[in-house]
Amino acid sequence: MKMASLLGRVFSLFFEYDTPRIVHIRSKKVGVINRLLQLCIVGYVIGYAIIYQKGYQDFDNVQGAITTKLKGVAQTFNLSGDGKNRTWDVNDYVVPPQENNAFFVTTNVIVTPRQQMGLCEEDINVVGANCTDDPSICVKDQPLMTGDGYMTGECINSSRYPGFKVCQVQAWCPTENGNLSAPRPPVIGVAENFTVLIKNNIEFPKFGIKRKNIIGFIDSSELKTCRFIRNDPKYKFCPIFYLHDIVEYADTTFSDIAVKGGVIQILITWDCNLDHAVDTCIPVYSFRRLDTNDTASPGYNFRFARYFLDNGTEIRTLFKAYGIKFILTLQGQAGKFNLKPLIINIGSGLAILGIATVICDIFVLYVLKGKALYKEKKYLEVVGEDAYQRGETARLLPGEHINGRRESLDIPGLNMKSGD
Amino acid sequence: MKMASLLGRVFSLFFEYDTPRIVHIRSKKVGVINRLLQLCIVGYVIGYAIIYQKGYQDFDNVQGAITTKLKGVAQTFNLSGDGKNRTWDVNDYVVPPQENNAFFVTTNVIVTPRQQMGLCEEDINVVGANCTDDPSICVKDQPLMTGDGYMTGECINSSRYPGFKVCQVQAWCPTENGNLSAPRPPVIGVAENFTVLIKNNIEFPKFGIKRKNIIGFIDSSELKTCRFIRNDPKYKFCPIFYLHDIVEYADTTFSDIAVKGGVIQILITWDCNLDHAVDTCIPVYSFRRLDTNDTASPGYNFRFARYFLDNGTEIRTLFKAYGIKFILTLQGQAGKFNLKPLIINIGSGLAILGIATVICDIFVLYVLKGKALYKEKKYLEVVGEDAYQRGETARLLPGEHINGRRESLDIPGLNMKSGD
Amino acid sequence: MKMASLLGRVFSLFFEYDTPRIVHIRSKKVGVINRLLQLCIVGYVIGYAIIYQKGYQDFDNVQGAITTKLKGVAQTFNLSGDGKNRTWDVNDYVVPPQENNAFFVTTNVIVTPRQQMGLCEEDINVVGANCTDDPSICVKDQPLMTGDGYMTGECINSSRYPGFKVCQVQAWCPTENGNLSAPRPPVIGVAENFTVLIKNNIEFPKFGIKRKNIIGFIDSSELKTCRFIRNDPKYKFCPIFYLHDIVEYADTTFSDIAVKGGVIQILITWDCNLDHAVDTCIPVYSFRRLDTNDTASPGYNFRFARYFLDNGTEIRTLFKAYGIKFILTLQGQAGKFNLKPLIINIGSGLAILGIATVICDIFVLYVLKGKALYKEKKYLEVVGEDAYQRGETARLLPGEHINGRRESLDIPGLNMKSGD
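Chains as they are written, first to last, in the working numbering: chain D, 1 to 420; chain E, 1 to 420; chain V, 1 to 420.
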């Protein structure tokens, strides 16, 4: 390379290749260890990262819309104390009428009918309402924050609890009776026979694939009469579910959840391998109860009111609705063959192969009987001019230092212990 | 290294360096292959992983709130059979009045006015309601689950379908006429001229950046009169959208979606490079129809009711509302220079460079004419004491075995084939 | 290896091991650099990737349900112009009564009572309604799209703005007075004393762990009276929050947000290390205001209506509700020891260790004084038959070419510059 022009040097860069020099050891012990390690790594990379984890695929998350429609009617008797039957249809027991990725079905209800603005007794269970012992706790124009209204300052006899006195409040009167607990059996226990149609249109935007969850029911009448059955080859694609079945699949019982309500998640999972036929891209439904029963405040309930005008006076009917909140979750992803992730996985696999050499080297150089030989062959020791000397705490003289360097340059046989 | 004390040995560890010995091959063929492979890998790492994929940036996902406000009025005629005009404003056609990341606009409606609790004929389309042939199917106190109420046991003449008989039910009467299909043209077809203001405040918490989707409209009056235009440099930032335009951008037509309803996703994408000026961090709107037209149960509709008191009797008006459900999705991420991902990318890039050597070695050792020479120079063969012998099936005697080892230690020239 | 049968060759593959030949350099300078670089890389891999980033753990995202229940009452005076007090309880100020992962609390309100279908003046602020100068802009049967109804074609005197004329519209009459701004102080400013109970049941499905956000309050009465305090060891687990506190924790003031409304995100973060006791898996609450105050259309409000029958006539009360929209977000993940990610991290760490060698080689071969010696020892130059020659532009004769190859085979001392 002496006297080569710079241009030649740059040119020659393109026509050179560096490859490590290798000690090729023929030894059954280390050979077997090496091959086993390499087998593990290659097995992991090919078997797990590439085949099992589909490392040859590009992925896209599912996107889509879920819409639901409920069917079913219920009948209650004397709910408002009017001695009458009342029919509940979808518009009555689904509140609000539509939600995004959720729906609520009333299963139990406490009705406080015909409330109107006025003065009346506060419920005795409200903190600060029981003035039996001390009428002065009813402070005029102060609200009972966990109660129903602002106090008038009066402490009146309770009509609901004879012998007790409660603060009078300005509120929607009469106030809800806090002593009523959720009726057993539940008022709308028949809700277990209600059905819900779940329509789910999904898309994998990256791959331009669109799918629906209604599969194999071309006939509209057949579709209307089918009901979902988890492990049935045909009816696992039926998009109409009995509420009773959903609750059972979520490992709970309807009579248990219907009284105090609860939250159930319906997961629709689309895990698709688009290297196969697109017909194999199908939804899987799973169900999970999200609220666990606890003593603190179990179940799920909320209140809503309907407002009326009665001869010019605004009145309302208050509903404390217990029920099941169904949360719909869409998840999953699709994979399709793509060269890029495959190359990345192979590349990193090759890089990780180096670990086999590291482990075998330890074995070869420190464990095997022939370690001295292998060390001698593997290593070529070069002593630099600033080499650390044993016992260097006793500082070397400069002369010795130069001497050490001269040695390494002039008398290789002396300071090179191997390879030559 | 002989006789070195342990301490010296440990010290010397810090003053040593191991570097592989290399065969430097000067060959145009393999040199060109090597450099091309390296170029591909470096190009991939720098060009794709670092520059294109912004491998020098740390990322954070967008978080934020989307709120919407609709404007627009419609007029219907004789909808409840009262022969009167009725004006529909936002409060009438958006149900429920507010949703989280969604809004629904009624475009078509079937009204069943003045329902009240009572006895009446079930709709003939309900499964199990047609008792023309067999009156015994009307079982007293049994519900028609896909219908409207509980049967009384009576089989009565149908007023809607003369000559047919249907079960009588206790229900909200009269029941909805199941034979009515969605009106054409849609009752609130003028909804295409409605506008929606979309306010979107976003944040990249990791970088402390807050942005709004209202960009470049300082003047409140200018903001009020602007309308979104996708490819316009100014009006692509206008946050007020014609529903008609949204539907068109989603590759559908308003007259098509308005009759039976549908679901449209509005995606707001904030992909920001915070290494540039923060002004370049802007939203991009895209639109997609999420329900595909199918014969089974196309479109999107739901029912809701308004409850009234009429001279002390509870009545309700039932609405079957067809319309467009708009789902608002916020997505995107911001990137900002960070040393950590850069180092990781360079590191894995260097590791992957090793692949070039693997491929070139195959070429050099198995393909090139000079392969014998290269193999000789690259490999130093060492025969261990437990080396596998050709024809080892004829087991070696112990003596030979030891002998083989002695050779490898004493007569290197014999069992080392290269490098010396 | 000569004359080995193919079978023997394949067998011997399993009993071989290749390990790179190494130049072992004893030099303090390069040794220190090498060890420091290795220390940095090992420190990064072990300290950051494995320990700090928990590279030894498998992760799972949190899933769960959040339900909320509000408590609190407010009183307004003369809101509908009736000179009367009105009590607002939860059912009045939370609209809609339940939402999925969100709730809205009305803090300010403008009421337009007793609207009914009819003819009346349009609000003068509506674009195109002011016909003072030009009555012809009131076009019969044309809608005022940002207004309240369809024009009758009449231009009438404004009762609200004497001296002005406005178009008459068929609409819900009277129309809302667009000149009213949000009342100060806010009508339901007492909402700051309202409380919300947030129940959160979570699950890490992969690890089968279920947790609740109610921790350490076994007694129901103690739970009812507690209030959340951010940094208190006990009350940071109280699931009942004052709205006032939430707003303050979101770095805003209640009086500021209550007038025009706003959007506040409540984040519940479950970052759990399941290698520790499951009791350490606790929720952390954080709060963030998602709408930033801007001049364009600040705050958050929406309108809703209640529909009544008054002597057979449908009327409605229109509410423009300003308030705080609380968005509940569940996030976090749990980690648990798993061998797989640990192996991957160690593997990629070892691969990255190669970078130290690359950097040290540059130092050793181009910077150090002894670079010529090191280069000589590290490299073995082999000249291939197609080697690039300096000055190759003057093409070599075939004879010289073959000669060059013969040299490399026969006279190694001449073309190999090092290692021997």
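Fair warning: there could be bad hints in the mix.
Since the list gives no way to pick one copy over another, a pair counts as held whenever it fits inside one copy or between any two copies.
Computed cross-link-like contacts, BS3-like style, restricted to lysine-lysine with a CA-CA straight-line distance of at most 30 Å [what the hints assert, rightly or not]:
no.: 1; residue 1: K336; residue 2: K140
no.: 2; residue 1: K54; residue 2: K224
no.: 3; residue 1: K236; residue 2: K212
no.: 4; residue 1: K69; residue 2: K340
no.: 5; residue 1: K84; residue 2: K336
no.: 6; residue 1: K236; residue 2: K206
no.: 7; residue 1: K224; residue 2: K69
no.: 8; residue 1: K140; residue 2: K28
no.: 9; residue 1: K71; residue 2: K140
no.: 10; residue 1: K369; residue 2: K84
no.: 11; residue 1: K212; residue 2: K84
no.: 12; residue 1: K369; residue 2: K336
no.: 13; residue 1: K340; residue 2: K320
no.: 14; residue 1: K71; residue 2: K84
no.: 15; residue 1: K320; residue 2: K84
no.: 16; residue 1: K224; residue 2: K369
no.: 17; residue 1: K320; residue 2: K29
no.: 18; residue 1: K369; residue 2: K320
no.: 19; residue 1: K224; residue 2: K29
no.: 20; residue 1: K212; residue 2: K320
Note that these hints are calculated values from the structure, not bench results.
So, going through the hints one by one against the coordinates:
1. K336 to K140: Intra 71 Å, inter 57 Å, cutoff 30 Å: neither.
2. K54 to K224: Neither: 38 Å inside a chain and 51 Å across chains, both beyond 30 Å.
3. K236 to K212: within (14 Å within a copy, 33 Å between copies)
4. K69 to K340: neither (43 Å within a copy, 44 Å between copies)
5. K84 to K336: neither (61 Å within a copy, 58 Å between copies)
6. K236 to K206: both (27 Å within a copy, 24 Å between copies)
7. K224 to K69: within (12 Å within a copy, 37 Å between copies)
8. K140 to K28: Result: close neither inside a copy nor across copies, 97 Å intra and 88 Å inter.
9. K71 to K140: between (49 Å within a copy, 20 Å between copies)
10. K369 to K84: neither (98 Å within a copy, 102 Å between copies)
11. K212 to K84: neither (44 Å within a copy, 42 Å between copies)
12. K369 to K336: Neither. Shortest intra-copy (51 Å) and inter-copy (41 Å) distances fail the 30 Å Cα cut-off.
13. K340 to K320: neither (57 Å within a copy, 51 Å between copies)
14. K71 to K84: The answer is within: 23 Å in one copy meets 30 Å, while 32 Å across copies does not.
15. K320 to K84: both (19 Å within a copy, 27 Å between copies)
16. K224 to K369: neither (79 Å within a copy, 75 Å between copies)
17. K320 to K29: neither (77 Å within a copy, 80 Å between copies)
18. K369 to K320: Classified as neither: same-chain Cα gap 83 Å, cross-chain 88 Å, threshold 30 Å.
19. K224 to K29: neither (69 Å within a copy, 71 Å between copies)
20. K212 to K320: For K212 and K320, only the inter-copy Cα distance (24 Å) is at most 30 Å; the intra-copy one is 37 Å.
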